[in-house]
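If you want the building blocks of each chain, they are given just below.
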Amino acid sequence: MAATVEAATVETATMAATNDAGPLSGEEISLLQGWYRTMLLARAVDELMWIVGAQGKAHFILTSRGHEAAQVASAAALRAGHDYIFTYYRSMAAALQVGVAPEDVFRSVLAKRDDPFAGGRQLPNHFSVRRLRLPAGSSSVATHLPHAAGAGYAARVLGEDTVSVAYFGDGATAKGDFHEALTFAGIWKLPVVFFCENNGLAISVPVELESPAPIHLKGAGYGMPGVRVDGCDPLAVYRAMQEAVTRARRGDGPSLIEAEVVRLVAHSNADDQTVYRTPDELAAAQARDPLPRLRRRLLGAGVAEAALATWESEVRARAEAALSTAEASPDPDAADARKYLYAEA
Amino acid sequence: MPQLTLVEAVNLALKEEMTRDPRVVVLGQDVGRKGGVFGVTRGLRREFGELRVLDAPIAEIGIAGVAIGAALAGLRPVAEFQFADYIHPAFDQIANEAATISYRSNGVWQCPVVFRAPCGAGVHGGLYHSQSVEAYYGHVPGLTVIVPSGPAEAKGLLKRAIRDPNPVVFFEHKGSYRREREEVPEGETLLPIGQARIDRQGDDVSAITYGIGVHWARQAAAALEADGVSVEILDLRTVHPFDREAVARSVQKTNRALIVHEANKTLGVGAEIAAFLAEELFDSLDAPVGRVAARDCHVPYAEAQERAIIPNAAQVVEAIRRTMAY
Ligand SMILES: Cc1ncc(C[n+]2csc(CCOP(=O)(O)OP(=O)(O)O)c2C)c(N)n1
Ligand SMILES: [Mg+2]
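Listed in order, the protein sequences are those of chains A and B. All residue numbers for the first sequence refer to numbering that gives the first Met the number 0, where the first residue is 0 and numbers rise by one. All residue numbers for the second sequence refer to numbering that gives the first Met the number 0, where the first residue is 0 and numbers rise by one.
None of these hints come from the bench; they were simulated from the model. Worth double-checking, as some hints may not be accurate.
[What the hints assert, rightly or not] Ranges between beta-carbon positions, derived for each pair:
| id | chain 1 | residue 1 | chain 2 | residue 2 | range |
| --- | --- | --- | --- | --- | --- |
| 1 | B | L126 | A | A286 | 55 to 61 Å |
| 2 | A | G33 | B | G38 | 29 to 35 Å |
| 3 | A | L340 | B | A324 | 41 to 47 Å |
| 4 | B | R45 | A | H58 | 52 to 58 Å |
| 5 | A | E326 | B | T188 | 53 to 59 Å |
| 6 | A | D279 | B | K33 | 54 to 60 Å |
| 7 | A | S323 | B | T188 | 55 to 61 Å |
| 8 | A | D270 | B | L266 | 52 to 58 Å |
| 9 | B | C296 | A | I202 | 38 to 44 Å |
| 10 | A | D251 | B | R177 | 42 to 48 Å |
| 11 | B | G38 | A | L340 | 34 to 40 Å |
[To be verified] The list that follows gives simulated cross-link-like pairs (lysine-lysine, DSSO-like), each with its CA atoms no further than 30 Å apart:
| id | chain 1 | residue 1 | chain 2 | residue 2 |
| --- | --- | --- | --- | --- |
| 12 | A | K56 | A | K338 |
| 13 | B | K252 | B | K264 |
| 14 | B | K33 | B | K14 |
| 15 | A | K188 | B | K14 |
| 16 | A | K174 | A | K188 |
| 17 | A | K188 | B | K33 |
C-beta: ideal position from N, C-alpha, C; glycine also.
Make the full structure from the sequences, and use the hints.
If you want it as C-alpha cells, here you go:
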C-alpha cells in the first residue's frame with residue numbers, strides 16, 4: 000500500500016503538458032482536426048441553446064463553453080459504446096464526442112416528447128443513451144462518482160475490460176460522494192477514471208473555498224495517481240487520459256485527473272457572473288479559450304485557413320439544422336407525466 | 000421443508016439467488032469475513048468469493064452509490080446497511096438517484112438494487128440500533144418498500160425483490176431475526192410485491208399491519224378470542240406502494256380498522272392508510288380508524304423507557320377494544 004501511494008505521489012508531480020509551438024506528428028494533426036470540429040459543434044450548439052433560452056423557448060440553459068478541449072480529448076481516449084461514461088450537466092462536448100446527436104441535445108433543451116434522454120422530464124444537458132453506455136445523470140453534484148465506481152466494480156465481477164469514467168467539477172470534490180467513491184475505487188483497484196474539470200468556480204465560490212489542497216493531490220490519499228493537465232490543451236488531456244484508461248483497463252486501478260479549464264460564460268442562464276467575476280478575470284478566462292488556441296495551432300501546423308473556415312461554417316449549419324429538426328418535434332403529452340415511475344419487468 | 004429463523008431464511012434467499020444468477024452480489028459492512036453482524040450473510044463469502052460478497056468500507060453513500068452504478072452496468076446488487084439507523088447518509092443515493100433513474104431516463108435505464116437493513120427496537124439498542132425508518136422511503140415515488148413479517152415471507156419477498164427491475168428498500172426487524180422458526184420452502188417460491196396477505200381471517204375488525212406488528216396483532220387476536228372478538232390481520236408486506244384493494248376488501252368486510260406499526264405515529268405509514276380509509280371508505284366505517292404506533296420519540300436505551308415508547312400486543316388489544324366499543 001505504501002508503495003502505491005508513493006508511486007501516486009511521483010506521478011502527481013509530473014504535470015502533463017505539451018508545447019503549443021512544438022512540432023506535431025501527422026497522427027496528432029489528424030486527431031486535432033477531428034476534435035476541432037467536435038469542439039466547434041459543441042460551441043455552436045451551446046451558443047444556439049442560449050439564444051433559444053433568451054427567446055423564452057427553453058427555461059434552463061447550461062454551458063460547456065471553455066471546457067470543450069478537456070471533454071472532447073478525454074472522451075476520445077475511451078472506447079465509445081464499451082466504456083461507461085457518467086457525465087454531468089456540463090458534459091455536452093463529451094457527449095457529442097462519443098456520439099450523442101445534436102438534434103437530441105436540442106430536443107432535451109426544448110423538452111420535446113422525442114427527447115430520448117428523458118422524454119422532456121429532465122433538465123437540458125442531462126444525457127442518457129443506453130447504446131453508448133451513458134447512464135442518465137441526475138442534477139445532484141457528485142452523486143454519479145460512486146456510480147462510476149460501481150460500474151467499475153461490475154466490470155470486475157463480470158470479468159470485462161470495461162473502464163468507467165466520471166466527469167465532474169472542482170466543487171464536486173468537496174462532497175462526501177467524491178470521498179466515498181475514491182475510497183471504494185482505490186481499495187478495490189476498480190477500473191475508473193475520475194476526471195475533474197477544474198474551472199476555478201462552483202457557481203460563484205472559488206475553488207480555494209471548495210478544496211483546501213490542489214485537487215490532483217487528493218489522488219494520493221486514495222492510493223491512486225493524481226495528475227494535473229492544462230485542460231485547454233487537447234493533446235495534453237488526451238495523453239493523460241490515455242494513460243489513466245490504459246492503467247484501468249490493465250487492472251492497475253483508478254486515477255484522478257484534474258484538467259484546468261475555464262468557464263467562459265455564466266454558470267447557467269439563471270446566473271449573472273458579473274456579480275462575482277471582475278472584468279479582468281473574465282478577460283483572463285477568454286484569453287484561455289481553447290477554440291482560438293487550437294485554431295492557431297492547426298494553422299501553425301499547416302492546415303489551410305480555407306479548410307478551417309469551411310468547417311466553421313459547416314458546423315454552424317449543422318447545429319442550426321439540428322435545432323430546426325428538434326423544434327419540429329411534438330411536445331410531451333401531459334398524460335405521460337407519471338409514466339416510467341416504475342420500470343416494467 | 001426446513002424450519003428456519005428469519006436470519007436463516009434471508010441467508011438462504013441470498014444463497015439461492017447468487018447460485019442462480021452470477022450477477023447477484025452482496026456488499027455491506029462486515030458481510031464477508033464475519034458474515035454480517037447478525038449472521039445474515041454467513042458462509043456466502045466462502046462460497047462466492049470476496050468480490051461477490053464484498054466487505055465494504057464504512058461509507059454508506061458509497062455502498063448505495065456503488066450498488067446503483069453496478070446495477071446500471073448489469074449487476075443485481077443487494078446492498079446491506081448494518082442498521083437502518085445508519086442508512087440515512089444513503090438517503091440521497093436511494094431517493095434522488097435510484098428512485099428516479101427509470102423516470103428521468105424515459106424508462107431506458109433501470110436500477111435493480113435491493114437496499115437491505117435490519118430495523119426495529121426491543122433489543123435495547125438505544126437511539127442508534129432501534130429505528131424504524133420505512134416511512135421516509137414511503138414518501139418517494141419510484142421506490143418499493145418491503146417489511147416482511149416472518150421467515151417464509153422474508154425469503155419469498157427477498158427473492159422476488161432481487162429479480163425486480165426497480166429499487167427496493169427491504170427492512171428486516173431484528174427482533175424477529177431469531178424469535179421463531181417456521182417452515183420455509185426451498186427453491187422457487189417467490190412472493191408478490193405490492194400485494195398484502197390475510198394473515199388471519201376475521202369478521203369484526205381489521206388489524207392492518209406489517210413486520211413485527213403482525214406478531215403483536217396475532218397475540219392480540221388470540222387474547223381477544225376469549226371476548227368473542229374476531230380479528231382479521233392484514234399483513235401489508237409491501238408498505239409502499241401499499242395494496243389499496245386488499246385494505247379496502249378487508250375493511251368493507253369488518254367495517255372497523257386499526258393500524259399497527261412500530262415506527263413513530265406522526266406522518267407514519269399508518270397516517271397514509273388512515274387517510275386512504277377516510278377518503279375512500281368513509282361509508283364502510285362503523286368506528287374511527289385507530290392507530291397503534293411509537294410515541295413520537297427517539298428510542299431510549301433504559302428498558303422501562305424503551306417499553307414506554309415502543310408499542311406492544313397489550314396496546315393492540317386495548318385499541319381493538321376501544322374500536323369495538325365505539
Ligand atoms: C448536491 C448539490 N448541491 C448543490 C447543487 C447546486 N449546484 C449546481 S452546480 C453547483 C456548482 C458546482 O460546481 P463544480 O462542481 O465546480 O462544477 P461546475 O459547474 O463549475 O462545472 C451547485 C452548487 C447541486 N446541483 N447539487
Ligand atoms: Mg467548477
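Evaluation of the provided hints:
no., hint, in the structure
1, B:L126 x A:A286: 55 to 61 Å, "holds (57 Å)"
2, A:G33 x B:G38: 29 to 35 Å, "violated (57 Å)"
3, A:L340 x B:A324: 41 to 47 Å, "holds (42 Å)"
4, B:R45 x A:H58: 52 to 58 Å, "holds (55 Å)"
5, A:E326 x B:T188: 53 to 59 Å, "holds (54 Å)"
6, A:D279 x B:K33: 54 to 60 Å, "holds (59 Å)"
7, A:S323 x B:T188: 55 to 61 Å, "holds (57 Å)"
8, A:D270 x B:L266: 52 to 58 Å, "violated (36 Å)"
9, B:C296 x A:I202: 38 to 44 Å, "holds (40 Å)"
10, A:D251 x B:R177: 42 to 48 Å, "holds (45 Å)"
11, B:G38 x A:L340: 34 to 40 Å, "holds (36 Å)"
12, A:K56 x A:K338, "holds (24 Å)"
13, B:K252 x B:K264, "holds (26 Å)"
14, B:K33 x B:K14, "holds (16 Å)"
15, A:K188 x B:K14, "holds (26 Å)"
16, A:K174 x A:K188, "holds (21 Å)"
17, A:K188 x B:K33, "holds (22 Å)"
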